[in-house]
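Spelled out, the chains give:
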Amino acid sequence: MMKDLYKTMIVSTALFAAPGMAHATDDTVTVGFPVALSGFVAPYDDGPRKAALLAIDNINAEGGLLGKKIVSVEADTKSDPGEGANAATDVLGKGATMVMVTCDFDFGAPAALVAQAQNKIAFSSCAADPKFGAQGIGNNAYTMATASIAQGALLAEFAYNELGFRKAFVLNDLQVEYNKSLCNSFQERFAELAGAEGIVDVDAYNAGNDTSIAPQITRIKSHDDIDVIMFCGAINGGSYVRQIRAAGIDEPMLAGESMDGSYWLEAVPDLSNFYVATYGSIFGDDPDPEVNAFVTKFKEKYGELPVTAHSMTGYSVIEAWAEAVKRANSFDTDAVRAELDKFSDEPLLVGETSFSPDIHINTGRPMTMLEIENGKHKAIGSFSAEKVSDIKF
Amino acid sequence: MRAAIPTLVILVVMILAVSLLGVFGSPLLLRVVIGAMINLVVVIGLSIFIGNSGILSFGHASFAAIGAYSAAWFTLPITMKKIFLPSLPAFVLSTQVGLAGGAAIGAVTAAITAAVIGVVIVRLSGIAASIATLAWLAIVHSVFSNAEALTKGTSSLVGLPIETNLFVATFAAILALVVAFLFRFSRYGLMLQASREDEAAALASGIPVRQLRLVAFVISAAVVAIAGVLKGHFLGILAVGQFYLEFTFLSLAMLVLGGMRSLSGAVVGTFAVAGIAEILRILSSGFEIFGLEVVAMPGLREIGLAIMMLLILLVRPMGITNGRELTLPWKRKTANELPITNDRTG
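Top to bottom, those sequences are chains A and B.
337 is the number that the working numbering gives to position 337 of the first sequence; each next residue is one higher, with no gaps.
Convert by adding 1000 to the 1-based position in the second sequence; the result is the number in the working numbering.
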């Protein structure tokens, strides 16, 4: 037995030692994707990754970047923070000049930290936490997301100004940081506009533990003066919306980007009176023709519509980086970073994008508001928040 | 204890050999090896309690969390602490220590906590004790997920200096091994193992079973806490979710796979799982065989690992080491003369 054990050790040692490194040649430049290809984060990374590959195709079709063809390498983070760091090491070892990491702070940060340590640019597709930048990770970390505080303020202004609502009930899901930040910023801005009495009541659940939200529904029903329900749900959101509607609560509901897409609508057939803030409409009716063109191209390449508009962030990651490379006329990280930090209202697919040496996330960007009526999405315009609270880390 | 010295030597050599892979391998392999060393510290820590007392613990991830966060409060650079955790007590905010200091703080905090909660747990036996540890884990997880001022709750804590390198991780693994070895072959360790085999007989022989279990519980909590500290300073980021069910079951699986009853089992199990996982990871990204292209199969590692574990346990229900210690071939006879009784735990 002992002999077998030693034998196994030697064999596995030999297997380990076999290196399989493919380095970029002179006429190519490599972009690394240490993202979740398996595990529960994978659906969130799938769209941005596919859209980024689409952007790479477009650039290559036009002759590449600074005369070089862009090639991509992928490594699976397995939806695990530790594996994320390994995946980043893997793609950087394969010569990646820049990496695009997971659409979430907790799962993207370990990979970005590895890139930061090797002085390589790390873009998160849609981590909405402002820590994903110079303060939390380092000067090479950027995120293409619109900060959650901006989304909350935007929804509050939309509800107050556009829809004329004065009394809001806030329902928060405490499982994810994004939700908390969204609801807090909504509450803050709505109370500024409608006065403190504008927030009728606040309740919360945790999608990690609570499959039923009956107590919260009872609380909503105990108020008869609610104009609108601010719903900060994400995971299993469809199930909670169904519970609310099934209880006979037909008041309008507002939600952030986490409720984008139509995949969850099966849970709530014929849903009406539901508003979602998103990066763009994936239903072909966005006010911005560029977005509609993107959706068409995406469908051509992959045979299906993007599941959510988050995919646009992946496209813009490549857009932004390529633009900075062009301006710097170099792939050198320091030069590219200097150009990125000069971005001021750059017209990217996700919207006008600005960065500064201190702030690597956007707060002032407009978002498309979608209305769901009888289970169908309709874009009702592009809105941006007038006043966004200061970034808190 | 002297008779067991060859075991210690073999295990140390094994750890150093794996460590050498990291020295000469690619940067990725280096990371994998460091990760395996940190896991090894966890599994050795677990085996100090589980291996000697025979009580399964599902709660040790809590000590990794307590260790990791209490160390981070002190190792985070002062400027970052003021941004991310401004409501920490003033003396914590104004102090910064290195990784070694952090590890000491983490281990002591976890040990004190374990000494308190352990009093309750060691009064129970068998499955009741195991469930109590699981309940404890759930409590710590909930508290940490909501203690925004201390942990940033569901958000993650970044900015930890990345100081866990191969040397530090290997040193910690060997240190953990030596601690576990000294305890296991001390008279207290042997008494505790006696209680594992037959609690009633042990009590009748005057062995203070509860006290010894508590001692093992505290030592193992401190060792697991050091692993938590290393993990945080390896990734540079802490999230409460890192120390919950997945952490618990993966480390238990390593221990069970290697063989719960021996220290060698902890080492062999950890390295076996790490090795299989890494090979499957390489395979899962696609490869070519005889001109035939095998496409990437994300998720192969998880399924493959589960199947391998199942197969190994089918063939060797007591784990790869069969619950024995590794020893020199010519000494094997004497070292393994002790009969292995029917085991209730594994």
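You may find that some hints are simply not true.
Restricting the straight-line Cα-Cα distance to at most 30 Å, the calculated cross-link-like pairs of lysine-lysine (DSS-like) are [as the list claims (entries may be wrong)]:
hint	chain 1	residue 1	chain 2	residue 2
1	B	K1082	A	K326
2	A	K342	A	K376
3	A	K387	B	K1082
4	A	K326	A	K297
5	A	K69	A	K50
6	A	K342	A	K326
7	B	K1082	A	K120
8	A	K167	A	K392
9	A	K167	A	K301
10	B	K1082	A	K180
11	A	K387	A	K301
12	A	K299	A	K69
13	A	K387	A	K342
14	A	K387	A	K69
15	A	K378	B	K1082
Everything labelled a hint here was simulated from the structure, so no lab data went into it.
Problem - Unmet hints by their number, sorted upward, for this structure - result: Per hint list: 1, 2, 9, 11, 14 and 15 violated.
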